[in-house]
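Peer 1: Sequence:
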Amino acid sequence: MKFLKWLLYSLIIAFVLGTLTVGGLYLYYQDEMPTVAEIREVRLQTPMQVYSADGEVIAQFGEIRRIPVALEDVPQPLIDAFLATEDNRFYDHFGIDPIGVARAFFQLVTTGDIQSGGSTITQQLARNVYLTLEQTWTRKIKEAFIALHIERHLEKDEILELYLNKITFGHRAHGVGAAAQVYYGKELHELTLAEMAMIAGLPKAPSTMNPISRPDRARDRRAVVLGRMLAEEKITQADYQAALSAPVKTKVHGAEVTMAAPYLAEMVRAEMVNRYGEDVAYNSGLKVYTTASAKQQRAAQRAVQHNLHGYDERHGYRGVEAQLWQAGDEQPTRDELLERLAAFETIGLTRPAVALTTTEQEASLLFADGQEVVLPWSGMAWARPFMNQERQGQAPETVSDIFDPGAVVRVRLTPQGWRLAQIPEPSAALVALRPNDGGIAAAVGGYSFAVSQFNRAVQAERQVGSNIKPFIYSAALENGFTLSTLVNDAPINQWNPGSGIAWRPRNSPDVYEGPIRVREALAKSKNVVSVRLLRAMGVDTVVNYLTKFGFDYDELPRNESLSLGSASMTPLEVARGYAVFANGGYLVEPYFIERIVNAEEQVIYQARPKVACVECEPVEREVLAAPQVITEQNAFLVTQAMNSAVWGGGSWAHKTGWNGTAWRIQRSEAINDKAGRNVAGKTGTTNDVKDTWFSGFVSGLVATGWVGFDSLDRALGSTTMNSNLDSSEQPISGTEAGAKTALPMWIDFMEIAVAEVAAEPFDVPPGLVSARIDLATGKLSRASDYTTRFEYFIPGTAPTEYADSKSSPTVFGDDDSIF
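Counting along the sequence shown from 1, when you hit position 454 you're at 458 in the working numbering, and nothing is skipped either side.
Think of the hints as simulated: they come from the structure by calculation, not from any bench. Beta carbons: idealized from backbone N, C-alpha and C, even for Gly. Among the hints, a few may not be true.
Subject to a maximum C-alpha distance of 27 Å in a straight line, what follows is the list of computed DSS-like cross-link-like pairs (lysine-lysine) [stated by the list, open to error]: (1) Lys208 <-> Lys291; (2) Lys208 <-> Lys255; (3) Lys160 <-> Lys170; (4) Lys291 <-> Lys238; (5) Lys190 <-> Lys208.
Restraint-style ranges between C-beta atoms, simulated for each label pair [said to hold, decoys possible]: (6) Tyr806 <-> Ala762: 35 to 45 Å; (7) Glu366 <-> Ile505: 39 to 49 Å; (8) Arg612 <-> Phe794: 40 to 50 Å; (9) Ala331 <-> Ala274: 46 to 56 Å; (10) Lys255 <-> Asp161: 40 to 50 Å.
Generate coordinates for the entire structure from the input sequences, incorporating the hints supplied.
Peer 2: Here is the structure:
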């Protein structure tokens, strides 16, 4: 009796102490308990999707995908699969399964670790949503208390619904609704029994048992789930066998990117995070529609990549990337080759391959995916050895002059077939704007986003070279010059007492024509004329004038080198400046987000850009119009001069014998068919040929292209630049220039892009007069042959003397001490 009494007292004391301990622990952890509102919260979490203006998917950003579903919308077999596998006594216990807890406690006592089981669906909900996944005694206590807390406030069906919506399934899918979409691209009611069993098996180890990453382990886990369903009599033997033998066939069914535009997508991502913060931007299912046209964006990407390959081929082949075996060695097995090829990435248009065999005129190549192709001689005859930017070695005569079997080479697919390739060393950027409102129609910041995330279209500040000249000439037209004014195209030698050397700006090419009209000087990009125009106006006058085009006053040089393009600007800034000429004198603000739509398909943001509003009424202009920074007449006159850069001497070009620097556009049937002669533009090359440009437009689209080598010290801290470059820019090449390097890229782009935009005639605005002038003197002419042309003038600025008068024409710059 004494023993029984002692045992009874001990049990009572243990019960009281246990109750006090549990109560004390509950009070200790009470502040960490979620509120009922937090428990019940299940919000839609879907990644942000970025679209082109015409609805093609550019990118998707976000870590979590959740599609809330009601319990009544979950198929019963899927519910049965979870209950049979995870918690078959779910509707009987109070949040904690004593049998499971006892098993876990026994493991802890005997091994020192909690190795398995014991967790109910309620506990799993508590752990996955409110706790870490660490296997510690403290975490298990918290988990139990939160489970009891949940069970006290919610009904069983509500708990199960929360579990099915909140549990993690891997590949960023949270909840069964998202899991069905991510793994199978289906709604829940469309899933087969095998697919439901696969999903039900994922919560145990979503990263290592999912059918995408580990199909073998996923198949085994599915078999466990089906076995539990059969044991619980939730499915028949026939159902079990059919589902057990079903293939493990799945892939990630996210938003499929239909148009790669990574540089533009990154611009959108950064802007959205800046506006809304990461959580809202990445997880609230926003859809962002950009201003970019899919067709124009593709054209820009293609133009950048193909022209960089063209440059690279003109300068020679730098050699193979690796040699997997040498002549005389035993060739590795096919499996070994495939495994080694997997280490080489596909970059841009280039795919890595290994040469299996070679003959004199072709090579058999193997790709990492097992595909075999033949590389013909026509695709590699260009591969003269690279020596430096100016020189190449002897032209190859056979394949062995280029590479041997075992070589890892890169190739790209062209309309003519496979072609030997290499990752281009130079970089490039191309950006296109709608001149009427500043919407970015296309933006490409480099050859490959995988190689460098530095967006040269909007981040790279490079010397603009002769691309500055239209702005200099615009200032000149505003300060007394006309398109027929003669300026002296002659060498300049200016002694600098401070440095003890003379400044000698030169034309490129180094040719001088004496007195030359302003129109022709801009079309031919005469450097010394630009210098003399700036001298006539004064540096301060020109600097102040250039700010009208949106250029930063503090970034403009305060010396005569400004006239040759020593100022550094981004391609986007240059394109914005050229848009002023294209739209009649208005400074538009570039933008790239057209509208933002939330998960409920409601438009939460719509761009309201200020537009170039030439014909707006005064009241409308205050609300809608971008600021007019130069007159419509000035914009037209500069456009005329840039049109001559394309078409030269006009209809008499074959007799006058001159063309502008952008004459290659004349060869483009696609541009001419759509725009006719209504194209204007300007090449740009810096004196040291480190930067080459072309900026030009039709009435509905402005585009600027840049080609050059990356400057590491200008890369805004980027660590992804090509590692083989010096910290300062390399020159492009003495034989390259804006007309040969950047202009072809612009033409390739515009040939596609022009089909989607207006290309109206450059109509003469009101307030201008025309007069027939003599081409040699700039004076009025009574003739009507190829020695004359009609020229446009602002009233009061046209010449008053005729060419046959005895007075000599005025030539600005005859006296270098003044000009």
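Peer 1: Now tell me, hint by hint, if it's right for this structure.
Peer 2: Here is how each hint holds up against the structure:
no.	hint	in the structure
1	Lys208 <-> Lys291	violated (33 Å)
2	Lys208 <-> Lys255	holds (20 Å)
3	Lys160 <-> Lys170	holds (15 Å)
4	Lys291 <-> Lys238	violated (41 Å)
5	Lys190 <-> Lys208	holds (22 Å)
6	Tyr806 <-> Ala762: 35 to 45 Å	holds (40 Å)
7	Glu366 <-> Ile505: 39 to 49 Å	violated (57 Å)
8	Arg612 <-> Phe794: 40 to 50 Å	holds (41 Å)
9	Ala331 <-> Ala274: 46 to 56 Å	holds (51 Å)
10	Lys255 <-> Asp161: 40 to 50 Å	violated (33 Å)
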